[in-house]
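Using the hints, build the complex out of the two chains.
These protein sequences, in sequence, are chains A and B. For reference, each letter of the first sequence is one residue, going 1 to 562 in my numbering. For reference, each letter of the second sequence is one residue, going 1 to 308 in my numbering.
Just so you know, the hints here were simulated from the structure itself, not pulled from any lab data. It cannot be assumed that every hint is accurate.
Partial selection, computed: residues in chain B whose CB lies under 7 Å from chain A [what the hints assert, rightly or not]: (1) Q152; (2) L263; (3) R271.
Treat the numbers as computed from the prediction; the structure is a model and nothing was measured. Just so it is clear, CB atoms sit at the ideal spot from N, CA and C, and this is done for glycine as well.
For reference, the chains in residue letters:
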Amino acid sequence: MRGSARRGAVVAASVGLALVLAACGGDDDGGDNGSGGEGGGAGEGPTGSVSINSTQPENPLIPTTTNEVGGGNIVDAMWTGLVSYDSETGEPGLAMAESIEPNEDFTQFTITIKDGWTFHDGSPVTAQSFVDAWNFGAAGANAQLNQYFFGPDGANIAGYDAVAGQTDDTGAFVPGSATAETMSGLEVVDETTFTVTLGSPNSLFETIIGYSAFYPMPESFFTDQAAFIEHPIGNGPFEFVEEVPNTSINLRAWEDYPGDPKPQVENIEYRIYADLDAAYADVVANQLDILDKIPPAGLAGDVWKTDLEGRSASEPLTTRFTSLTFPLTNTEAWADPNLRKAISRAIDREAVIAAAYGPGNYVPATSWVPPGNDGYVEGTCGEWCEFDAAAAQELYAQSPGVQGTLLISSNADGGHREWVDAACTSIRDTLGIDCQGDFNPDFGSFRARVNANEITNPFRTGWVADYPSIQNFLAPLYTTNGSANDGGYSNPQFDELIQQAAGLEGQEALDLYNQAEELLAEDMAIIPLWYDNGQRGWSENVNEPQFTWKGYVDPLSISVKN
Amino acid sequence: MGRYVARRLLQMIPVVIGTTLIIYTLVWSLPGDPFAGRCGARPCPPAYVAAMTDKYNLDDFWLVAYFKYLGNLLTGDFGETFQGLSVGEELLRAYPTTAKLALVAIAFEILIGIGAGILAGLRRGSYIDNLVLVSTLVVVSIPVFVIGSVLQLFLGMRWGIFPATVGGDASLYNLILPGFVLASLSLAYVARLTRTSLAENRRADYVRTAVAKGLPQRRVIGVHTMRNSLIPVVTFIGADFGALLGGAIVTEGIFNVPGVGNLIFRSITARDGVMVTGAVTVLVLVFLLVNLLVDLIYGWLDPRISHG
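The shape of chain B in the complex, shown without the other chains (with noise of 0.2 Å):
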């Protein structure tokens, strides 16, 4: 075990440096140089293009500029936006957000996706059973943006039940409805997921010879089928949590959370290219991280596979 979680982190390092280097190049390399449009309609005054060349190290040969880059991030320092804000702080201020409304919908896959998938599940070809079909291709064929303009239409500016936007006050309350919007599409594949998983072990060996030796129908399904049906489920809400974390750029930006996903969309436009970096070699770091933490609890929930 203790080896294989060493394997895995050795693993980890060309991977950063790998995704890292395609990141800064690409962000730097974008066409026209990044000050072209910072002052207008006219050029911005050569003095303050030499002194963010010079900063941003934009004269030297790419290769150059990356491990300069690269040796300030071992060093932990992520450099500074072009506002003058230190990026490590502004993603320690953005992650809490994205992080919380990552959990929120994790909860929302659960509760809802997990419910509706048992029921279908235990009744196959059921009344129940097709509508949690058929809501499930709906939410799956509408683009999440779609989702999150109507209810945020319709829920918070028309009848008010929920904030229409979050803004600095990320509370529980303020999050369910970004959090349910961004829960939608994964909420539906757990569903879809639990009930055929639930089926088919419905069918299996142990589950005749549990019923045949007597146990209650409710030990039954609650004990012996759930626990074998639930692991292809916890390793895909796992692996979409992970994503969650990546932040959501279309959901944090129709309901205005401060997250990880805003962050990155606003440097994007602004062509921010040292946040824009920063931000993305954190999202992949908690991404393999997550994953890996993700692999270690599958093989605690199903022995069979083991990483000794």
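So here's chain A without its partners, still in its complex pose (with noise of 0.2 Å):
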């Protein structure tokens, strides 16, 4: 399931730390609530030693090139970012980051670098830092994981187009293609400052550069790439000690460390598993600390809740994002709009959902972006993500109908056979047609076919946001040159008001996403299925750990009992 594996930002440090930012992306002084944790007190230092379930990291240990959880969570341990998101409501404030200036139109940012600060290696944190890592992760040579992040994808920095190179017709990247090593909009003024030019106006900018891939890098990274994949170095409260590859990546709380809160746990041990059962077996038998999601097996029958009494919990995702696209460019199949609706609104996904992952495991979605998020507004679908079998039946007798079986295409691991099979059977049952999971075994083959359009039914979707923002649910999924408009879904008003939304902040801003919402409500190419809850554990030793919006354990708040 590494769709949902796929990861963005994910906090570094703060809860509740910097000064919030106020909507205008200022510097205006928030409340600083500094919330220690309930464990070890301040001020005596980190103690004790604890373990994490992680994955292997698939790539480097690199933060440009880091995109999925394993590598992730141990990045983000590591580095401390410009900017951070608050773990409970995703608010990001400043981390690194002095200040952030923007101009009138959003198009010019100043950032101002805390002072003082160096990596675990000793040299300084400077202006530089941040742009030679941002130069690195967009140049096409270098390919890496995380290199839209840069372009019009992400935060759009003028000059990228230059930096990363082009491809040919097929999609193909045209080697030495680049005609820049730096990118024109990345500007040092002194030390401890610089100024981002953006090739169009971006309100979210802030948000953005949360994300890992606009962590700094040390001078050595540049010198000599190999030794740093050895022995990564950042400058966040965690430091590298190991790795074992297969069994346990280690880091621990980094003295100089001179961000807020500090670290209250001494050494952390991500042990990796292959198999998550294997995990939930230690953690209920106390051999690990935290686990961070609840296999099937342990979900199944709310075992968990038994085995794991009184150190387990369950919360809202505000990050995940279940839907089932309809391919509208490769086929006419889908084009009639009643069809779409009627489809929707003979899923059950109430039914779905207790069938397929226990009742109330998951809830159902009433709208394109979770809960949780600003600018999220709860039934934007409207009546279109209700079920109703009549309905659903009127609406479906004013459409073409569909010809023969109507097939919904996934990938078959990582719980999605079941759901598609029990939302096939609430299709049939209601509209009385014939309906047919078609799966492909793995995540991998599913999304091969997925980028190369081939599928011509509707099919799984699913998306785990970069950052918090309700734009990062939109912008990329619907706009019509999306990096991850997988049905070719494109509505020009609906661009149009993305666009707009971007040059504005605030509830002005909002108030268009939410525009653009009512859009996917008339046309319903995108049917919304439900938003995740998230399941974790913890053992005897350990205080209750808090967890980042994105639903990992946040290093910041682990305290050992005493």
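Dropping the structure here:
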């Protein structure tokens, strides 16, 4: 299930530390409620060791090329970015940045970083450390997985195209096509100040740069990458100790960490599990301290609630959204909105969730943005997301109908076969048409078909937000040129609204995003299904840890029991 | 003897080439490009795909790509995983753990398997014989993941007698539970094999002679009968050891043992083709060598089989 394993930014710091940014992206001082966690008192230094479940990182531990959970959690513990997100609310707040000043139309930002910060190896963190790291990440020649965060899909820094290089007609990269090594939009003013010029207005710039792709890199990285990969060096609360591939990655609280809050635990072992069930067994037996996801075997029959009594929790995740997408470019079969609406109203979401995941473990969706995100409005989907057999049949009668069997495509692993089958049952019972799952064995082969635009029937789409913003749930997915627009949905009005919203801020922007959502409801080319809940457990040795807005444990909130 | 070994070693060359060719081709020809799932719901950046395609020679004709791989292999270079780790080093790290687990399993097979087999073989038709037959039948018919999960649930999670999983600390004590689970199936076979072989030999002429010339019972069974009866058992255990060194994906998964099986399983799910091919290549080599060793031991145990 790498689909949902894909990550955006997880917190590196700040449970209500920093100056909470007021809407104008300025430097208004916000409240500082410095929650230190329940455990070990502040000022005594970090104590104890804990273990957290993890998967083997799939890429080198370089922030610009780490995009999955296994590596991402470690990178986030080892680095502090300019901005970090509050664990509970996902609200972005200044972390390593002293201030971020936008110009009037949000096309240029002047960033001042805090003085006196160093990397774990003692070298200073300067404006240059950020600029160099960003140029490295954007350069085509470096082939970094998070490259698109610097381009139009992300921050859209001016001069990105020249650095990133070009693709030919088939979409393949043309080696050596980059004409510059540095983005013209990045300019170092002095040791602690640099300016960023964007290719288009973007009021969300500050939110976006909290993502791990925007972390600073020490000079040593640029001189000896191999040594860096062996022993990564960050500027965050925890420093790298060692990696035993396939077994564990060990971090230690960094004594000289200038940020706030400080780590409360001295050693963290990210223990690698190939099988989540084994991790579950360990946390039940108190041999693993923190488990950030309960496997299906534990959820079945709610066993986990008794196995982990008093040391488990379930919370809605603000970052995940599952939907059913209709392909619109490779077939005419789904062109009629009534047909799409009929199918949506024929799916009894409550019942499908109960059958596939256990009642209440997921939340039926009523919009395209999960609750907890700024700008979430309940029920933007309106009646179209409500199950109603009679209405569905009526709509279906007005449409050309489905030719033959209705297929729903998905990967079969990760618990997806179960819900596809349940949804088909619901559709079959309601509309009286044949419905069947069309499965690929794993996520990779399924995505290969989606990327190649081969699927001509509705298919599963799952999204994990990169950063906490309504924009991230709409722009990449449903704008005409969006990088994750799988169904080929295109509505010029929608594009227009999203573009306008990017140049505005606060409620003004949110209103436009909500208007854009209404267009999605009219078209119903993407059917919202549900939002995820996250279940987690911990051992008797630790106090209840906090989980980030993405649903992974916040390393700064961990403390051992005395 | 020397010539026999040399011939067997030479025979390994086509086997190794054949197996690696099949594995390499199969792994890289899985449907869908291997980078499709690596960037979640978006396609990966074209620059990344281009760099990886180049690094793993995916643009070449498959046979060309294979020979490039084989060429590196001959110089001892197993390649790099997507994460940039050396496949050779990963295998070196995982192998001792798997070997240790295999030894623990073999110890169980010898102690319990041969022990139960001897008891049953000496008293055919007795209560103990029936007990062994029924219990081995039960073990053989239950899939190993059921045995593993159930033992883990009770001995590990509920009663806390053994650690629920092994993790980084592959000490002998931690390996007892997974070792036993891994041995369970073969253990049943060993018991039955020993029993049959022993029962058969007890009626052999040379045993009757030994008894007739007045040797004590202990010597008749302990020396004369046992030595001959154990020949098929030793062969079986030897071949089993070779198989166990191939890693146990299910058992290592349940108990999170960082061995070869676990490594292969993870690499398959991550579609890390280089890792899978490298690991399986080594498995083939190990399996062939262990088999050669078993054949040599066989000749030494039973002089009738000679490798001249």
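Q: Tell me, in ascending order, the numbers of any earlier hints that this structure violates.
A: none
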